[in-house]
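Visitor: So the chains spell out like this:
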Amino acid sequence: MNWASWSDFLAMGGYALYVWGSYGVVLGLLVMEIVLLILRKRGILRELMRSAARRGLQ
Amino acid sequence: MFTVLRCVIYRDLLLASRRWADVLTALVFFVIVVSLFPLGVGPEPNLLRTIAPGVIWVAALLASMLSLTRMFAADYADGTLEQMLLSAAPLGAIVAAKIVAHWLVTGLLVVLIAPVLALQFDLHQPLLGTLTLSLLLGTPVLSMIGAIGAALTLGLRGGGALLSLLVLPLYVPVLIIGAGSVDMVAAGLGAEAHFLLLAALLVVAAAFAPWAVAAALRISAE
Amino acid sequence: MMYVTPENTTAGRDRFVGHSSWFRYSSPQTFFPLAGKLAPWFAVAALLLAAAGLYLGFFVAPTDSQQGEAYRIIFIHVPAAWMSMFIYVVMTFWAGICLTFNTRLSGMMASALAPTGALFTFIALWSGSLWGKPTWGAWWVWDARLTSELILLFLYFGFMALQGAIDDPRRADKAGAVLALTGVINIPIIYFSVQWWNTLHQGASVSLKSAPTMAATMFAGIIVMVLALWMYSIAVSLMRVRSIILERERDSQWVAEYASGQT
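Chains as they are written, first to last, in the numbering used here: chain W, 1 to 58; chain R, 1001 to 1222; chain C, 2001 to 2263.
Hints should not be assumed to be uniformly reliable.
Stated by the list, open to error - Here are a few chain W residues that face chain C, going by a calculated C-beta distance under 10 Å:
(1) Gly13
(2) Gly14
(3) Val26
(4) Glu33
(5) Arg40
(6) Arg55
To be verified - So the derived list for chain R, only partly shown, Cβ under 8 Å to chain C, looks like this:
(7) Pro1045
(8) Leu1062
(9) Leu1156
(10) Arg1157
(11) Leu1165
(12) Val1172
(13) Ile1176
(14) Ala1216
FYI, nobody ran anything at the bench for these hints, they're computed from the structure.
Bear in mind the structure is a predicted one, so any value in this text is a computation, not a measurement.
A virtual CB, placed ideally from N, CA and C, is assigned to each residue, including glycine.
Build out the structure end to end from the sequences listed, making use of the hints.
Guide: Here it is as C-alpha cells:
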C-alpha cells in the first residue's frame, strides 16, 4: 500500500490538482462520449418513428 | 502522352495568364503576411534574422494554400474535368501536368520573391541561397499535397477553410525540414541532410500524389 | 441513385453469402445485431481492466523518486497516446477496405472510429499538459511526442470535417479514405521530422517519458490501461457504428421494423 490514509490519497503528495485534474477530465469526457452516443441513437429512433407515422405505417 | 502533358500545361498557363489578378493576389498575400511579422514582433534585427526562415516558410505555406482551390474548381464548373476523367490519357498524367502548371504560377513565383523579402529581415548570403533552394525543393511538394486536398474538397461548402484544415497538418514535415535547413546553415553546420530529405519528399510526393489526386477526383466528380 | 440498398448493389447482394460464415457479417443489416450483442461484453472488459489498471497504478506502483505522485498521470497519458495512434491505423485499415472493395460497412466502421480516436488524442494532450506543468514548469512544452499528438488531432479533425462537409455518404466514405491513407503515410514522416526539430532546437530533449528506469509494476499498469482503453474503444465504436447504420439505412425495411420494435 502506498497511502497512509484517504486524505493522503486525495492529496497525491501535493499534486492533487494535476492528477485529479487529468483523471477527472478523462472520466468526464468518456462519460460524455457514451451519453452523446445514447442520445444520438434515441434521436434516430425518434426520427424514424416520426417518419413512419407520417407515412401511415403505424 | 507527352503531347497531353504539354497541352494541359499550356492550357493552364494560358488560363492563368487571362486571370493575372488571381495569381497576383496570392503573391501579394505572401508579401503582406511576411511584412506583418516584423510589425507584430518589433524591428529588432537579431530577432528578425532568427525568425525570418520560419516566417517566410509559413507565409509560403499559406500563400500556396490560398491558390489551391483554383486548381480544379474552374474545370469542374465548366465540365472540362469530366472530359479529363473520360479521356484516354491516364488521369495521373493529366493531374501531374496540372500540378506542374499550378506550381509554375504559384510556388515558382514565391521562390523568386522570397530572397527579396528575406532582405527585409536582413538575411545574408549563405542563408538567402539556402532559403531559396529549400523553397525551390519544397514548394512543389506543397503543390502536390495541396492538390490532394483540392481534389477531395471539390465543390464542397466551406471549401477554403476546410482545405486548410486538411492540408496544413500534412505540410508540417516540409515546413520543419525547409525552415530547419536555413537554421542549420545559420549555426554553421551544413544543410545537405535537409536538402536530401526535401528531395526525398519531392520524389515520394511525385510518385504518390498524382495517383491520390486522380482517385480523389474520381470520388469527387462522380 | 442516392440510396444504396441490398437489392441494387453487388456488394449488397453479398456475393460471399453462403460461401463463408464470416462474410455474412459484412452487410450492415447482419452486423447490426451482432454489434449490439458484442458491445456490452467489451464494455464490461473495459471496466474490469480499468479497475485493475488503476489499482496497479495507484496502489501497487511505487512513488517515483524524481517526480513524486505527479507521475501517476502516466497511466492515462501513455495509454491514451498509444491508442490514439492505434485507432488511426485501424481507421485507415477500414478506410482502405472501403476504397478497395467498395463495401459500405467498412466505411461506416472508419467513420465510427474517428471521434473516439480524436477523443483519446485530446486526452493524451490534456494529461500531457497537466503532467508537464509540475514536472517541467510549463503547461505546454514542444516535446516531440506531444507535438506529434497535436498534429494527429488535426488529422482526425480534418477527417471528421471532410466527412461532415460531404452530404453523399458514399462520397464521404471514399474521400475520407483517401485522406486517411494520405495521413497514415505522413504520420511517420511527421513524427520523425518533429523529433528532429525538437532535438535540434532544444539541447537536452525534453521528453515526457517517465524516469529512465521504469519499475515493472509501472509498466504493467500502463499495459493493463492500454488494454482497458482498447476494450472501451471497441465497445464505443460498436455502439457508434450501430447509430451510423441506422442513419444510413433509414430507408430500408429492416430499419423500419427495428424502429417500430423498439417502442
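Visitor: Determine for every hint whether it applies to the structure shown.
Guide: Verification of the hints:
Checking W/Gly13 against chain C: minimum C-beta separation of about 4 Å stays under 10 Å; hint holds. Given hint, W/Gly14 at the interface with chain C, holds; its Cβ is 7 Å from that chain's nearest Cβ, closer than 10 Å. A least Cβ separation of about 5 Å between W/Val26 and chain C falls short of the 10 Å threshold, and the interface hint therefore holds. With a least beta-carbon distance of about 6 Å to chain C, the hint placing W/Glu33 at the interface is held under the 10 Å criterion.
At a threshold of 10 Å, the smallest CB-CB gap from W/Arg40 to chain C is about 5 Å, leaving the interface hint in force. The beta carbon of W/Arg55 is positioned within 10 Å of a beta carbon in chain C (closest approach about 9 Å), and the interface hint is therefore held. Nearest Cβ of chain C to the Cβ of R/Pro1045: about 21 Å, over the 8 Å cut. The hint is violated. With a least beta-carbon distance of about 15 Å to chain C, the hint placing R/Leu1062 at the interface is violated under the 8 Å criterion.
Taking 8 Å as the C-beta contact cut-off toward chain C, the hint placing R/Leu1156 at the interface holds, the least distance being around 5 Å. Here the hint on R/Arg1157 is kept, as its CB sits about 6 Å from the closest CB of chain C, short of 8 Å. The criterion of a C-beta within 8 Å of any C-beta in chain C is met by R/Leu1165, whose closest approach is roughly 5 Å, and the hint holds. Hint status for R/Val1172: holds, given a least beta-carbon distance of 6 Å to chain C, under 8 Å.
Hint on R/Ile1176 holds. Least Cβ distance to chain C is approximately 4 Å, under the 8 Å limit. A hinted interface residue such as R/Ala1216 counts as satisfied when its beta carbon comes closer than 8 Å to some beta carbon of chain C; here the least separation is about 5 Å, so the hint holds.
The structure is inconsistent with the numbered hints 7, 8, although it conforms to all the rest.
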